[in-house]
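Asks: In order, the protein sequences belong to chains A and B.
Per the UniProt record's numbering, the first sequence starts with residue 1, numbered consecutively.
Per the UniProt record's numbering, the second sequence starts with residue 1, numbered consecutively.
Keep in mind the hints are simulated off the structure, nothing from the lab.
Take every hint as true, because none was put in to throw you off.
Partner residues aside, some chain A positions facing chain B, computed with beta carbon under 10 Å:
#	residue
1	W20
2	N23
3	A35
4	L75
Cβ coordinates follow ideal geometry from the N, Cα and C atoms, glycine included.
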Amino acid sequence: MADQTSHSANTLSESGKAYWKANLRIIIISLIIWALVSFGFGILLRPLLSGIPVGGTDLGFWFAQQGSILVFLALIFFYAWRMNKLDHEFGVDEE
Amino acid sequence: MDQFTINLLFVGASFALYIGIAIWARAGSTSEFYAAGRGVHPVTNGMATAADWMSAASFISMAGLIAFVGYDNSTYLMGWTGGFVLLALLLAPYLRKFGKYTVSEFIGDRFYSPTARLVAVICLIIASTTYVIGQMTGVGVAFGRFLEVDNTTGLLIGAVVVFAYAVFGGMKGVTYTQVAQYCVLILAYTIPAIFISLQLTGNPIPALGLFSDTQNGEPLLATLDQIVTDLGFNEYTAQNGDTINMVLFTLSLMIGTAGLPHVIMRFFTVPRVADARWSAGWALVFIALLYLTAPAVGAMARLNITDQFWPQGTEEQAVSLETIENDPAYDWMATWQQTGLLGWEDKNGDGRIQYYNDADPDMQARAEEEGWAGNEFTNFNQDILVLANPEIANLPSWVIGLVAAGGLAAALSTAAGLLLAISSAVSHDLMKGQLTPNISEKGELMSARVAMAIAICVATYLGLNPPGFAAQTVALAFGLAASSIFPVLMMGIFTKVNSKGAVAGMLAGLLTTLLYIFMHKGWFFIPDTNQFTDAAPLLGPIKSTSFGAIGAIINFTVAFIVSSMTAPIPQEIEDLVESVRVPRGAGAATDH
Chain A
1 MADQTSHSAN TLSESGKAYW KANLRIIIIS LIIWALVSFG FGILLRPLLS GIPVGGTDLG
61 FWFAQQGSIL VFLALIFFYA WRMNKLDHEF GVDEE
Chain B
1 MDQFTINLLF VGASFALYIG IAIWARAGST SEFYAAGRGV HPVTNGMATA ADWMSAASFI
61 SMAGLIAFVG YDNSTYLMGW TGGFVLLALL LAPYLRKFGK YTVSEFIGDR FYSPTARLVA
121 VICLIIASTT YVIGQMTGVG VAFGRFLEVD NTTGLLIGAV VVFAYAVFGG MKGVTYTQVA
181 QYCVLILAYT IPAIFISLQL TGNPIPALGL FSDTQNGEPL LATLDQIVTD LGFNEYTAQN
241 GDTINMVLFT LSLMIGTAGL PHVIMRFFTV PRVADARWSA GWALVFIALL YLTAPAVGAM
301 ARLNITDQFW PQGTEEQAVS LETIENDPAY DWMATWQQTG LLGWEDKNGD GRIQYYNDAD
361 PDMQARAEEE GWAGNEFTNF NQDILVLANP EIANLPSWVI GLVAAGGLAA ALSTAAGLLL
421 AISSAVSHDL MKGQLTPNIS EKGELMSARV AMAIAICVAT YLGLNPPGFA AQTVALAFGL
481 AASSIFPVLM MGIFTKVNSK GAVAGMLAGL LTTLLYIFMH KGWFFIPDTN QFTDAAPLLG
541 PIKSTSFGAI GAIINFTVAF IVSSMTAPIP QEIEDLVESV RVPRGAGAAT DH
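The following block holds chain B by itself, in its conformation from the complex (with noise of 0.2 Å):
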């Protein structure tokens, strides 16, 4: 059987597998629809938090970001976890107590104020789509590589999928089609990576592979080190780039992702206050084995790749086009230069591709001595790191379907938890809440329906036109739901700020943000319409992507500052502070 064959089994086989439990888990109530009837059980509701969060930016891009960096990405490692910790100790009990579906509903009857709920609406829909970007970038890229579509039609395939379990299920239908999604997604992940850390290391638990030893006796992190030291590219471990900028960027997503509405929503699927304490626990848990199993994945894929550049070490000749063009070690390269995601170009001719880092002073001294022309490897993108890795590793041919399947189960789970929440906003927040007060039950059941149907027009749309890397578009969704979602949700709770305190602090922390990130990124991310780049930021130190911290101080404290300045909370809604604080009576929230 040859390898499109296989990729088409694996693939093939999982959507039959959603689809067959989108059926079976219909949604009939808005309760359903929104919430999964909240009866889903904590550990079922990690695991499907856990796929509903880890999306392709985690999947295909981030030990794509780590490998070509090192140290100075770990940021992405314990930003996207540490706001689990966040969201446990901060937000998941009260906003389970408090007993609603959305989480502008919060903001609204908390805040006793349609703007704020509108305007949270807005930031929730703003983050949201941002980040659906990223994951339809990432069903691109995966169908294009494994079903030899191309990127149009693989969006459409992949649209088409989860519009099928999303509309028609719901809540309910989504929570279990991601539990589905995770095992899928975990072992596609895992599998590989426990091969090639045997490979390299002997132990087959990358986590504990990527701190073992070579079999050359030498650590693994001090020879990739030195490989790529030697190669004229940064130190693997070293830290490279500005220690400000990297604790603001962690802080950006963490509180980005507790301020997810995606994210959050998945606690008011569970039955009790303390199941939502656990379930933020069994999400990490399942969380972790990805994460701790990504940067190993990320420096062994990085050693491989030099390796195959550079067969007889770094002092030596580098690899000859015809090994490439004839050796089966190299068929990756080839099929890889299809997509056009990856290329190599002989230079100087002399029938070898020199792979270095030919901005380095060292480095262009021994080109000139050697008569090399430039680095060769002239494209490499870092999103196909985690799609081609069994192929560099020589892994079997099914192997390589499990993970086409696992990045095509990454993007879709996140987007369906996405196009969710996009649309409970929509219909639940925006008809509901404000247009249409007294739609029945079944029309609230249908505009949900045509809200997501439209939802996944849009994202289809922008991911056929998206900008920038996948895990960069993300991390604006961070920054955005740092900004304004995260800081008034956290003094919605802890503390007893007005109406008028939230609706500016949202307003500025949103503004600020989203003026910092189009000034850099360009304005609506038009190309060329930006006054600064992030390689010399306009606030010293700081990139667009790690302003949201900067972002959420200015809502606290804009919040803060006009809080004290007008009326006090009126008493109902100081009762409602304190009733969420307390977790008895979740029960009784949930039955109106």
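Isolated chain A (complex conformation) (with noise of 0.2 Å):
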């Protein structure tokens, strides 16, 4: 292990910090839309959105029963493709 890490130790440099800024940055945004989707039109924001109809109902119920995860679905791939993109950008790619 101690061998394979210490290069990596040495190389974080700018460069380093600037693909942890990036991938913090990154993690952030689809974090906020995660909770606001789920936490917030699911539940919270749900009387908001009780004048929009959904099929006998309104969309914050939508939201709660297949709205969130749909956009679940999509955040956590739009985070696979995003990152490694950004590995090959930063150089840090798996070989």
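Starting from two chains that each stand alone, build the complex the way the hints lay out.
Replies: Quick look at the structure:
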């Protein structure tokens, strides 16, 4: 373990910090959307969305039972795609 | 061919398939036993994760929980899927990069402390054992009904089958068996749902059928709201519970999902860090197929059952006893009555069975007027909803056989994953990590198998003497995973919290959560030893099942405070943290 970690520690210069910062930024944005569709639209903001009818009920109900799950899916695939691209840009992807 | 033979054929064929796969995929090395040799394709791994993840609670209990509560139990849908976002973004890629076999191994190395590893192993074993109880209960229910054997015999058959493929195949055998189990369970779940959705709404996709119009031209959900409120029950689409509790419960399920060791372990099996990210996405795709269908199954079943009790409408006469006894559409009631999970009683002796909410004042007035003596649909175990659903909707007998095989696949696949997590915790973390560090690979494999055999016996015993509903028992496991494992993993990757902080945080999170659960559910789940109930919890609206999120916050807070007051982490640990944050070198890390 030790030998393969040493080089990354030394090379963890400006580029390493920028990579991690970019990663954190993507994570934070994704988690804001994650919370917005579930806790937000699905629960707390449901009263605000009650005016928008969806199949016999309202949009908040749809988000709570289906919409949030679909957004979660989109988020994970977006993150995987974006991070694999970021790995490549910073040259830290796997060989 | 009678129904029993058909069930036997479906269940028997699926079991033969699982055991066949297990023989083909025997594990020869510890790497194969713990991590399937790290050669599993992300899509395959996603499918196996989905089967591992979707338990008896998802397959058997969840639709029932939604059907009889409505909107409020959307928490299960969001909670059990939202956790995968946390897993994909915050844990899976980094833990795969770390490249070891168990969750506690990461905690032990990252916090350079055998104590941290030991505390993690204890948390992990408690959470997994609690969870496995729910699976074994589910196996008992499914066998009891479909193979017409008693609960005990059913459980023992299930235990023997899991033993056969988990003990010999390890992670490799379990992974490929789970792929087969996923296919069985998803077909078993969606095929009846498609039939029922077509019958009610004409839409072949249940998830869309839920928001479509029924044959009478009204939206399905509006019809359901009308019928249940007519009978004095809560409006289906309205929120009836407390908002804060709903948010905290959802959050507890989410972080609990991300902290469950048997799910995290699955991400050790893929070849690369990039695959760990994709794999979480594929897992959620396969999970979503069931989770998008479940709310439709729940709503449609509630509508069908209520209609059967009030065939002429809720304002007219209820169904007569004669109809229940003679009409083939009501055969399911007699079949399920035999299991003791369903019952009715003509209290007022009018030859009809009135099903309504007898606690509702308006309904009490109507009951007075019409001479009813309380709700006569006296016993309905929600856990039977999915299993009985094809019979309620009068679907062909092969569908019923398929559902039997599906319910068992869901319970067995999760049980196997949990048993694997427990056995690797014992053999790899306790035996090799602490007690006998010089154990040979062969010895370690042997001890993993012995540990698993013991775990199966304990799980079977607890399955025979379970506390509460399958899904509720599972919810407790989530509280524990949420309050102990998830926070410490996240801090290990994203912060520089030291070993004292981690141990203090884990203990604080675990103990407060256990305390809160025991105070509400009884000490060590012994009935009548609880000081509070979930109807009137200690802390305002926060039920014991929602406490995991609070436990996690306590864990984080204590860890940060203790860590800031003690010595910072050494340089080599700082290097380790930096190394798990970048994907490069993940292949090298597996060669040890």
